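Same order as they appear, the protein sequences are chains D and Y. So for the first sequence, the working numbering puts the first residue at 1; every next one is plus one. So for the second sequence, the working numbering puts the first residue at 1; every next one is plus one.
Quick caveat, the hints were computed from the structure, so don't treat them as lab data. Just so you know, these numbers come straight off a predicted model, no measurement behind them. Glycine included, each C-beta is placed from N, C-alpha and C at the ideal position. Worth double-checking, as some hints may not be accurate.
[To be verified] If you want the footprint, here are the derived chain Y segments under chain D, 3+ residues with CB under 8 Å:
id, segment
1, 193 to 207
2, 255 to 268
[As the list claims (entries may be wrong)] Keeping only pairs whose Cα atoms sit at most 20 Å apart, straight-line, the calculated SDA-like set for lysine to any residue is:
id, chain 1, residue 1, chain 2, residue 2
3, D, Lys30, Y, Val304
4, D, Lys51, Y, Arg45
5, Y, Lys283, Y, His317
6, D, Lys51, Y, Glu98
7, D, Lys51, Y, Ala201
8, D, Lys51, Y, Met138
9, D, Lys30, Y, Asp262
10, Y, Lys218, D, Asp56
11, D, Lys30, Y, Phe265
12, D, Lys30, Y, His317
13, D, Lys51, D, Val40
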Amino acid sequence: MSSVKDTIYDIIAKESGIDRAKITPEATLKDLEIQSLDAVQILFEIEDHFKITMPDRDPNFDTESVQGLIDTVEKLAAEQGATPPAAG
Amino acid sequence: MRRVVITGMGAVTPLGLTAQATWAGMREGRSAIGPIASLPREALRFGIAAEVRDFDALKHFDEKKLILLDRVSQLALVAAREAIAQSGIDFARDGIGENTAVIIGTGIGGEQTNDEASRRMYAENNPRLHPLTIVRLMANAPACQVSIENGLHGPSFATVSACASSNHAIAQAFHMVRSGVASAAVAGGTESCITLGAVRAWEAMRVLADDTCRPFSKQRRGLVLGEGAAVFVLEALDDAERRGAAILAELSGAGMSADAGDIVFPSDAGAALAMKRALADAKLDVGDVGYLNAHGTATQVGDVVETDAVKQTFGCHARTLSVSSTKALHGHLLGAAGALEMVVAIMALARNVVPPTAHLDRRDPACDLDYVPNEARDKQLDAVMSNSFGFGGMNSVLVARRY
Numbered sequence: 001m002s003s004v005k006d007t008i009y010d011i012i013a014k015e016s017g018i019d020r021a022k023i024t025p026e027a028t029l030k031d032l033e034i035q036s037l038d039a040v041q042i043l044f045e046i047e048d049h050f051k052i053t054m055p056d057r058d059p060n061f062d063t064e065s066v067q068g069l070i071d072t073v074e075k076l077a078a079e080q081g082a083t084p085p086a087a088g
Numbered sequence: 001m002r003r004v005v006i007t008g009m010g011a012v013t014p015l016g017l018t019a020q021a022t023w024a025g026m027r028e029g030r031s032a033i034g035p036i037a038s039l040p041r042e043a044l045r046f047g048i049a050a051e052v053r054d055f056d057a058l059k060h061f062d063e064k065k066l067i068l069l070d071r072v073s074q075l076a077l078v079a080a081r082e083a084i085a086q087s088g089i090d091f092a093r094d095g096i097g098e099n100t101a102v103i104i105g106t107g108i109g110g111e112q113t114n115d116e117a118s119r120r121m122y123a124e125n126n127p128r129l130h131p132l133t134i135v136r137l138m139a140n141a142p143a144c145q146v147s148i149e150n151g152l153h154g155p156s157f158a159t160v161s162a163c164a165s166s167n168h169a170i171a172q173a174f175h176m177v178r179s180g181v182a183s184a185a186v187a188g189g190t191e192s193c194i195t196l197g198a199v200r201a202w203e204a205m206r207v208l209a210d211d212t213c214r215p216f217s218k219q220r221r222g223l224v225l226g227e228g229a230a231v232f233v234l235e236a237l238d239d240a241e242r243r244g245a246a247i248l249a250e251l252s253g254a255g256m257s258a259d260a261g262d263i264v265f266p267s268d269a270g271a272a273l274a275m276k277r278a279l280a281d282a283k284l285d286v287g288d289v290g291y292l293n294a295h296g297t298a299t300q301v302g303d304v305v306e307t308d309a310v311k312q313t314f315g316c317h318a319r320t321l322s323v324s325s326t327k328a329l330h331g332h333l334l335g336a337a338g339a340l341e342m343v344v345a346i347m348a349l350a351r352n353v354v355p356p357t358a359h360l361d362r363r364d365p366a367c368d369l370d371y372v373p374n375e376a377r378d379k380q381l382d383a384v385m386s387n388s389f390g391f392g393g394m395n396s397v398l399v400a401r402r403y
């Protein structure tokens, strides 16, 4: 079964076009050289996949680490009652 | 080439239903941003915008005409009526209407009609759409409605360049009147896209502020959508003087450029190029311009890029230039933004008053120009500039001077 982490890695790699092997939990989107529009698309794909609504924050997506995204998704999925679907 | 002057202007905006009322609201520093009244707020993330309030369409149009008009055209027609009335121009006289251009920009067009048609079809499973859906929603509807109402047979079309649409419209009209291709022009912009579909789409980009619009501030959190229209009458100087028209200002230059870069990330070089071209076109030196109405949408990136572009364009004069973004008070009118902000710039020129950038309490070190924080300021002005930069890197800058 695919974990939240695996799914988020897949989404980041697909939307930004970067090598999946470069992604680490500590990396921020800025470290991964992900542009703001790609970051917005990554957030959208995560929301759409997990059927959650991510909180709005100061529009500095690049300071968010990959682990931060994973934690947020796991927390929201628990709160908002959605079961993370297996990656397709 | 002919000199081009502005002899009339009209506006229907979140700050007021006329150009004068809009200016008065701005002088008072009254923010038109508030909870969205026309949509269910529970369906929205933040639910704030700058709506045109208390606009009663039936006061301006009979029901038979109204059925043809999306709100985007209603606002444009009312603004055009005000501009034409102020100019005192008689299109029937000397056959001037035979070759008066009508160029009205809009970023989206008849979005409310489009949203309503989509709702009927997809939400209500009602396949019967209103037969006037197309003529209401087409992006050239505002231009053709102004042309029809006034019997104007010159070149007529819409310009579309997202948030620069109306500056492109005014620039195009300016070129036509200057060259003699058109005798006169009615030009400006209009936008009314505060619909559930459009607001949700803006929310999805994560560029909307949740509190208010704070251009150039450290605390800025994005743009706030607005709606409205503003329209001008442009004439050749000789024609205006011959008929004894009151001249509001000379429209002296227009500069346009494309970033040819990112679809949303703006380029300081592209913006500076348009500003430099506008100054060269107006044959003005940087020191002649006393006020710049900035694009200043209050996004993190855009305000810094525009600040850098102003420095590149104005050099050491960037420090003495008064720069303000009035979007803090009237929101971002998208395809009508440039036209409304040109009304503001002309009023500033006429009254020697620089309107402020509201909600500017904490300075961003990366935004280090004189943004006229929070209070209007008296200042002798000889020439003014207004910037508009659209998604896609489409830049259009206008310059006007005292006549």
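So which of those numbered hints doesn't the model satisfy? 6, 8 and 12
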